[in-house]
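**Q** In case you want the letters, here they are:
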Amino acid sequence: DTGVSQNPRHKITKRGQNVTFRCDPISEHNRLYWYRQTLGQGPEFLTYFQNEAQLEKSRLLSDRFSAERPKGSFSTLEIQRTEQGDSAMYLCASSLYPGAASGANVLTFGAGSRLTVL
Amino acid sequence: AQKVTQAQTEISVVEKEDVTLDCVYETRDTTYYLFWYKQPPSGELVFLIRRNSFDEQNEISGRYSWNFQKSTSSFNFTITASQVVDSAVYFCALSEANYGGSQGNLIFGKGTKLSVKP
Numbered sequence: 001d002t003g004v005s006q007n008p009r010h011k012i013t014k015r016g017q018n019v020t021f022r023c024d025p026i027s028e029h030n031r032l033y034w035y036r037q038t039l040g041q042g043p044e045f046l047t048y049f050q051n052e053a054q055l056e057k058s059r060l061l062s063d064r065f066s067a068e069r070p071k072g073s074f075s076t077l078e079i080q081r082t083e084q085g086d087s088a089m090y091l092c093a094s095s096l097y098p099g100a101a102s103g104a105n106v107l108t109f110g111a112g113s114r115l116t117v118l
Numbered sequence: 119a120q121k122v123t124q125a126q127t128e129i130s131v132v133e134k135e136d137v138t139l140d141c142v143y144e145t146r147d148t149t150y151y152l153f154w155y156k157q158p159p160s161g162e163l164v165f166l167i168r169r170n171s172f173d174e175q176n177e178i179s180g181r182y183s184w185n186f187q188k189s190t191s192s193f194n195f196t197i198t199a200s201q202v203v204d205s206a207v208y209f210c211a212l213s214e215a216n217y218g219g220s221q222g223n224l225i226f227g228k229g230t231k232l233s234v235k236p
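Chains X and S supply the protein sequences, listed in that same order. FYI, the numbering for the first sequence is 1 to 118, going by the working numbering. FYI, the numbering for the second sequence is 119 to 236, going by the working numbering.
Just so you know, these hints were derived from the structure itself, not from any lab. Nothing false has been slipped in among the hints.
What follows is a set of in silico ranges between Cβ atoms, one per label pair, in the way DEER data are often shown:
1. S192/S with V106/X: 16 to 26 angstroms
2. Q41/X with V202/S: 17 to 27 angstroms
3. L60/X with V132/S: 38 to 48 angstroms
4. T127/S with Q84/X: 22 to 32 angstroms
5. V106/X with T196/S: 18 to 28 angstroms
6. Q84/X with A199/S: 36 to 46 angstroms
7. T116/X with S160/S: 14 to 24 angstroms
8. E28/X with V164/S: 18 to 28 angstroms
9. N185/S with H10/X: 30 to 40 angstroms
10. P8/X with T148/S: 38 to 48 angstroms
11. E83/X with E177/S: 42 to 52 angstroms
12. E28/X with T196/S: 32 to 42 angstroms
C-beta: ideal position from N, C-alpha, C; glycine also.
Make the full structure from the sequences, and use the hints.
**A** Right under this line is the structure:
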């Protein structure tokens, strides 16, 4: 088990370009989450999947953002027409959620993908 | 609305001092979960503890201890005999339970940066 893997670790792009980040969760984890973290702030929830179903999206996730988890394994987060305000660390996390009776599941985070929009 | 407040932005201590990181939360739910995560300079969030709202018993793990008080909506974290390796940003987070289980959304505070000097 190599933990949660995110690629690329760093991305510098020009305003208006599209970028895509990939997250490979821990293999047996059925839930996958995307968070965004800006400097000096805590992570902010963007969206999460249970298997391949996207169950919740934050209002922070504008129309330019789309996330997929097509086979219930890895996930991609695409940002179209990037803006300077999109510059942030994008964090992926995964967890094993065995059912409603189990209580809160513990998220394991990846090291993040840092986006800089010039 | 749910909210987590970490009023201490930065704390600096000398090695072997004890230090307490404060966390105050707001929620309308009667069932919820509280977490602490550590984010070292490498950037990867590391899970430290999870506590549910029905368990107010304090917990100790080595040099770490947590004090949960529902009456004051606080979940404070104490490091005893701090070490240089404890230097990191520490985040308190809240997750509300929904439909008997847990939502995917962790609400983080802004974090407290702890610097432990030799």
